[in-house]
Amino acid sequence: QQQVKQSPQSLIVQKGGISIINCAYENTAFDYFPWYQQFPGKGPALLIAIRPDVSEKKEGRFTISFNKSAKQFSLHIMDSQPGDSATYFCAASKGGNTPLVFGKGTRLSVIA
Amino acid sequence: GAVVSQHPSRVICKSGTSVKIECRSLDFQATTMFWYRQFPKQSLMLMATSNEGSKATYEQGVEKDKFLINHASLTLSTLTVTSAHPEDSSFYICSAIETRNYGYTFGSGTRLTVV
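In order, the protein sequence lines correspond to chains A and B. To convert a position in the first sequence, counted from 1, into my numbering, add 7. To convert a position in the second sequence, counted from 1, into my numbering, add 3.
Everything labelled a hint here was simulated from the structure, so no lab data went into it. Check each hint, because a few of them may be wrong.
Mimicking BS3-like on lysine-lysine, the simulated pairs with C-alpha atoms at most 30 Å apart in a straight line are [unchecked claim]:
no. : chain 1 : residue 1 : chain 2 : residue 2
1   : B       : K69       : A       : K111
2   : A       : K49       : B       : K67
3   : A       : K49       : B       : K17
4   : B       : K67       : A       : K101
5   : B       : K23       : B       : K67
6   : B       : K69       : B       : K17
7   : B       : K44       : A       : K64
8   : A       : K75       : A       : K65
9   : B       : K69       : B       : K44
10  : B       : K58       : A       : K111
11  : A       : K12       : B       : K17
12  : A       : K64       : B       : K58
13  : B       : K69       : A       : K78
14  : B       : K17       : B       : K58
Residues from chain B that keep clear of chain A, each with C-beta distances beyond 12 Å, as calculated [what the hints assert, rightly or not]:
no. : residue
15  : C16
16  : K17
17  : K23
18  : M50
19  : K58
20  : E62
21  : K69
22  : F70
23  : L71
24  : S76
25  : L79
26  : T81
27  : S86
28  : P89
29  : D91
30  : S98
Where is the CB? At the ideal position from N, CA and C, for every residue including glycine.
Let's have the full structure, built from the sequences with the hints guiding it.
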């Protein structure tokens with residue numbers, strides 16, 4: 008059973024455009040929702056994270072939108088650049104010392 | 004910020020041998036660390052949760068006798084792949100919780116190739 012469902016699997020965006028990746032979860036015990044960026048051969052790096060008491064969080068070009076009632080959250084990358092081309096993972100955890108559960112990932116390609 | 008160092012970054016071993024991967028939290032104490040495995044073009048799959056001073060908790064389907072995890076100190080967890088086979092070839096990634104800021108920090112991963 009996949010606890011965090013991520014879409015799309017792959018995404019191609021023009022340079023300067025907006026990249027949008029969506030995730031949905033079922034477990035209402037989740038209280039921490041991060042997004043990670045991963046380049047080939049590297050470990051994932053935290054981009055931005057949100058908790059359920061906030062509906063939106065923005066850091067630079069990256070924004071998380073969170074809809075608690077729909078159990079969905081999304082990542083928006085504004086002014087997408089070729090350097091943003093990577094695989095993006097959404098994740099969720101129940102807090103404490105519990106592990107992160109990952110979505111299947113989205114391979115983003117930003118083309119000039 | 005919190006840093007997790009993972010070594011080696013890549014290793015090639017012969018089938019039947021054992022390989023040890025180290026995961027260190029450099030500037031914080033990590034009572035809990037996690038080990039993930041990632042196959043090409045796939046997501047991170049949790050293998051086990053490692054708690055300092057106690058036995059690791061393994062996910063369903065992960066052989067605890069094959070993937071030995073030791074978390075002997077607050078800054079070091081090790082994963083030993085015993086009697087490695089080609090199907091164990093994968094990207095192994097550790098993660099630790101930095102409790103002050105409640106963040107999950109990941110190591111840079113270890114590419115294991117069993118020949």
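Verification of the supplied hints:
| no. | hint | result |
| --- | --- | --- |
| 1 | B:K69 to A:K111 | 26 Å, holds |
| 2 | A:K49 to B:K67 | 26 Å, holds |
| 3 | A:K49 to B:K17 | 24 Å, holds |
| 4 | B:K67 to A:K101 | 24 Å, holds |
| 5 | B:K23 to B:K67 | 14 Å, holds |
| 6 | B:K69 to B:K17 | 15 Å, holds |
| 7 | B:K44 to A:K64 | 28 Å, holds |
| 8 | A:K75 to A:K65 | 17 Å, holds |
| 9 | B:K69 to B:K44 | 24 Å, holds |
| 10 | B:K58 to A:K111 | 29 Å, holds |
| 11 | A:K12 to B:K17 | 37 Å, violated |
| 12 | A:K64 to B:K58 | 38 Å, violated |
| 13 | B:K69 to A:K78 | 37 Å, violated |
| 14 | B:K17 to B:K58 | 28 Å, holds |
| 15 | C16 | 18 Å, holds |
| 16 | K17 | 22 Å, holds |
| 17 | K23 | 18 Å, holds |
| 18 | M50 | 10 Å, violated |
| 19 | K58 | 15 Å, holds |
| 20 | E62 | 9 Å, violated |
| 21 | K69 | 20 Å, holds |
| 22 | F70 | 15 Å, holds |
| 23 | L71 | 19 Å, holds |
| 24 | S76 | 17 Å, holds |
| 25 | L79 | 17 Å, holds |
| 26 | T81 | 17 Å, holds |
| 27 | S86 | 26 Å, holds |
| 28 | P89 | 20 Å, holds |
| 29 | D91 | 18 Å, holds |
| 30 | S98 | 7 Å, violated |
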